[in-house]
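Enquirer: The task is simple: from the sequences and hints, build the whole structure.
Protein chains: 2
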Amino acid sequence: MHHAGDILLTLFIVFVAAQIGSEIAQRLKLPGVVGEIAAGCVVGPSVLGWIVPEQIATGTPLDVLAEVGVVLLLFSVGLETRLEDLKKVGKVAFLVGVLGVLVPFGMGSLWAHGSGFDWSRSLFVAAAFVATSAGITARVLQELGALQRVESKVILGAAVIDDILAMLLLGVVVSLQGGEGFDLLHLLTVLVGAIGFIAVIGIGGARVMRWNSAWLDKPRNPQSALAIVLALCLGLAYVSTRFGLAAIIGAFLAGMIASETRQQHTLEKQTQPLLALLTPFFFVVTGSKIDLHLLANVETEIMLLVVTLIAIASKLIGGFLGALSLGRRSATIVGFGMVPRGEVGVVIASLGLTAGVFTDRIYAIIVAMSLLTAMVTPPVLAWLLRRGDAAKKRVEIPETKG
Amino acid sequence: MHHAGDILLTLFIVFVAAQIGSEIAQRLKLPGVVGEIAAGCVVGPSVLGWIVPEQIATGTPLDVLAEVGVVLLLFSVGLETRLEDLKKVGKVAFLVGVLGVLVPFGMGSLWAHGSGFDWSRSLFVAAAFVATSAGITARVLQELGALQRVESKVILGAAVIDDILAMLLLGVVVSLQGGEGFDLLHLLTVLVGAIGFIAVIGIGGARVMRWNSAWLDKPRNPQSALAIVLALCLGLAYVSTRFGLAAIIGAFLAGMIASETRQQHTLEKQTQPLLALLTPFFFVVTGSKIDLHLLANVETEIMLLVVTLIAIASKLIGGFLGALSLGRRSATIVGFGMVPRGEVGVVIASLGLTAGVFTDRIYAIIVAMSLLTAMVTPPVLAWLLRRGDAAKKRVEIPETKG
Chain D
10 MHHAGDILLT LFIVFVAAQI GSEIAQRLKL PGVVGEIAAG CVVGPSVLGW IVPEQIATGT
70 PLDVLAEVGV VLLLFSVGLE TRLEDLKKVG KVAFLVGVLG VLVPFGMGSL WAHGSGFDWS
130 RSLFVAAAFV ATSAGITARV LQELGALQRV ESKVILGAAV IDDILAMLLL GVVVSLQGGE
190 GFDLLHLLTV LVGAIGFIAV IGIGGARVMR WNSAWLDKPR NPQSALAIVL ALCLGLAYVS
250 TRFGLAAIIG AFLAGMIASE TRQQHTLEKQ TQPLLALLTP FFFVVTGSKI DLHLLANVET
310 EIMLLVVTLI AIASKLIGGF LGALSLGRRS ATIVGFGMVP RGEVGVVIAS LGLTAGVFTD
370 RIYAIIVAMS LLTAMVTPPV LAWLLRRGDA AKKRVEIPET KG
Chain H
10 MHHAGDILLT LFIVFVAAQI GSEIAQRLKL PGVVGEIAAG CVVGPSVLGW IVPEQIATGT
70 PLDVLAEVGV VLLLFSVGLE TRLEDLKKVG KVAFLVGVLG VLVPFGMGSL WAHGSGFDWS
130 RSLFVAAAFV ATSAGITARV LQELGALQRV ESKVILGAAV IDDILAMLLL GVVVSLQGGE
190 GFDLLHLLTV LVGAIGFIAV IGIGGARVMR WNSAWLDKPR NPQSALAIVL ALCLGLAYVS
250 TRFGLAAIIG AFLAGMIASE TRQQHTLEKQ TQPLLALLTP FFFVVTGSKI DLHLLANVET
310 EIMLLVVTLI AIASKLIGGF LGALSLGRRS ATIVGFGMVP RGEVGVVIAS LGLTAGVFTD
370 RIYAIIVAMS LLTAMVTPPV LAWLLRRGDA AKKRVEIPET KG
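Chains D and H are the protein sequences, given in the same order. Take the first sequence: its letters are residues 10 to 411, numbered as in the working numbering. Take the second sequence: its letters are residues 10 to 411, numbered as in the working numbering.
Rather than coming from a laboratory, the hints here were simulated on the basis of the structure. A couple of the hints might just be wrong.
Repeated chains share a single entry, so a pair holds when one copy, or any two copies, can fit it.
As the list claims (entries may be wrong) - Straight-line distance between alpha carbons at most 27 Å, and here's what the computed DSS-like set of lysine-lysine pairs gives: (1) Lys278 <-> Lys227; (2) Lys38 <-> Lys278; (3) Lys38 <-> Lys227; (4) Lys96 <-> Lys278; (5) Lys96 <-> Lys227; (6) Lys227 <-> Lys100; (7) Lys97 <-> Lys227.
Quantities reported herein were computed from a predicted structural model and do not represent experimental measurements.
Expert: Shown next, in the form of C-alpha cells:
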C-alpha cells in the first residue's frame, strides 16, 4: 500500500512529538498532558508546520484518531468509576454542574455585551464560556492516580450535568439568533431525551452487568469481553451525539457500565495500551490548533488575557460554590477541575463563526481561550492535588513505573 | 464534538460486523478472518450499503484505520519472529520468494497475452498476479498459534523477498508501458536500497536491542517501552514505503527488532488489545471492496474463475517447488500460505487502471481475484495446518480462551 506513506509519516510525527513533549513536561514536574499539547503547538502550523491545518480539519484521519483517542480515554475513566460512587456525590455534583454553567454564562454575557455585542449575540458568545471539556481533567486525574478521590467523582458527575446544560443552552442561543425566539416544548423534549438516555443506559446497563457478565466471555474470540465493551463504547458514543451530547459522555457511560463486570480488572489492563497508542493524537491535535500568530498583536493579547481570566474565574467560582460542602480545599480542586474548555469551546466558536455571529477576531480569541484554559489547568490541578496529599497523608502518587 | 457522530456510527458498524462475522466463521470451524472479510462484503456497497465506496477510498479515516490495523498486525507477527529463526530458513525462503514470483508472473503473462493483450501490457497484468499480501496469511497463522512452525518462518521470510521482487517487477513493467525500455542502473539502485534498508534495520536493529534494551524503560511514561516500539513501528512502516516496499514490511521489521528486547513478553501482551481494536478495520475494509455486482454476468464469472485458478495454482506451484526440501506436506502449506494477493493486487490493478493499461473489466476481475484468493486461503491453510498436527503430534491449538 505505497500510497499510505504520507499519512504514516504524519502519524509518526504526532506520536513521537507526544512522547517527547510528555517526557519533557514530566521532568519539569508538570503533567505529561501539558507537554503533549505543547508538542502539538510546536509541530502544528504555528511553529514548525509539519502538521498543516487541512490535516486536522473535521473528518480527516487525524481528527478521527483524535476523537477515538478521547473517546477511549473517557471510557477508561468510566472503567474506574462506579455508579454507586457517583450517586453518593450526586447532590454536590449537580450543584457544581449547575453553578459551573450559570456563573460563566452570566459573566460571559456581561463581558460580551460590554464589548459591544447586542444581547442575543452576547448570549452566543457566552455559550462558548460554558462547556467544560472533561478530557483534559480526566487525563490529569488519571495520570496522578487520583480518580478514586471524592473530588474526582464530583468533577466527573458535574461534567455530565455540565454537558446536558451546555447543550440546552447552545440550543437556546442558536434559536435566538434567528430572532424567532425558542420553542420551550422542543427544549424540554431534548432535556428529557438526554436525561432519559443517561439514566436508562447508566442505571440499566450497570444493573445488567452487575447481575451477569459471564456472557461477555462466551464468544470464541479470546478477547471477546474487550471487543464487546469496545463495541458498546463506540455505540454509546455515537448514540450520545444523537441525543445532542458529546461523544465522550457516551464513552464514559460505557466505561462505567463495564466497571460493574467481573472482568473489570482485566479490561482496565487491556485499555492501557489502547490509551498509549491513541490518546496522544487527541492532545497533539488539540495543541496543533493553537494559533500563535494571533498573539503578535498586543491589543488582541490583552483581550485574550481578559477573556481567559473571566473564563477561569467564572468556572472556578461556580465550581467552588457548588462544592463548598466538601471544604474549601476540595472545592478549589473541583473548581479548577471544571476550568478546561478545550475542544468543546473550539467547536462552539466554529458554530458561531459559521452562523455569522462571531467575528474572526472573537473566534480566534475564544479558540485561544479554550486552549489556554486546557494548558493552564493541568499544572495547577496537579499542584493542588499533590499539596492536598502532602498536607493530609502521604499517599503514594503512582508516578513511577507500574 | 457533535460533528463526530457519523464517523463513530461507521466505526461501530465496522467493528460489530467484524465481531459477528468472526464468531459465525469460528463456529463453522473456519478462521475468524474469513468471517471478518465476509462481514465487510455484507455491510459494504455490494449488499447492505452501510459502508459506501467514498468511505473506503484512499486516505479516508476508515482506510487509515485499516492501514494502521494491518501495520500493527505485522508488527505483532514480527514480535513473535526471531531474526535467528529467519536466518535458519533463509535459503528455502529465498527459493520460495523467487519461484513464487517467477511462476505467477510467467503464467500470468501467458494468460494475458492469450486473452488478447500485447506483450508489454500482458506483463503489467501479470504483475498483479505476483505480489503476496502477507496480512491474511499472518493472521491465520497467528489465530491458529502456528507462528513458531518452520513453515511460518519460511512464509514470512519469503513474503519479504516477494515484496522486494514484486516492487522491482512493477517498476520494470510500468517503465515498459512508456515504450522507452527500462533503466537497469536505476533498477539496481532501487534493489540495493531495499535490500540495504532491510539488512541494516533488521540485523543492526536486532543487534542493538539484544545488546541493551533497558533504555526502553528509562522515560517517565509507565508504558514507555510500548510507546517507543510503536513509534519505531510507525517510523519504519513509513521509511519502508520510501524504499518502494509495503508499509507492512517495515512494521514486520520493527516487530522483529522488538522481539530481541527483554520486554518482548510484555510487549506481546500489550499488543493484543491493539490488534483487537484495529485489525478488524483492515479485514472488514478489504471485504467491503468486493464487488458482487460483477458476478451478475456469466462470461465474467468464468473469466474470473480462470484467473483465480491461475493465480492460486501458479503461487502454489512456485511456493511448493521452493519449499520442497521441507517435505511435501510442509511445501504445500508454504505454497498455500503465499496464495493471498489481497490489497496488494487491488493496488496494482488501480495503478493499471489509472495508467490506461487495464480495461474496466480486467480491473474488476483482477480486484475480485485478489480478494477471492484472500477468502479462499484461510480455510484451506487452517485445514492443512490442523491436519498436519493431527497426523504428527497432537499439538494444542490455542483455539480456546487464553
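Enquirer: Compare the structure with the hints numbered earlier in the document and write down the numbers of the violated ones, lowest to highest.
Expert: Violated hints (numbers, rising): 5, 6 and 7; every other hint is consistent with the structure.
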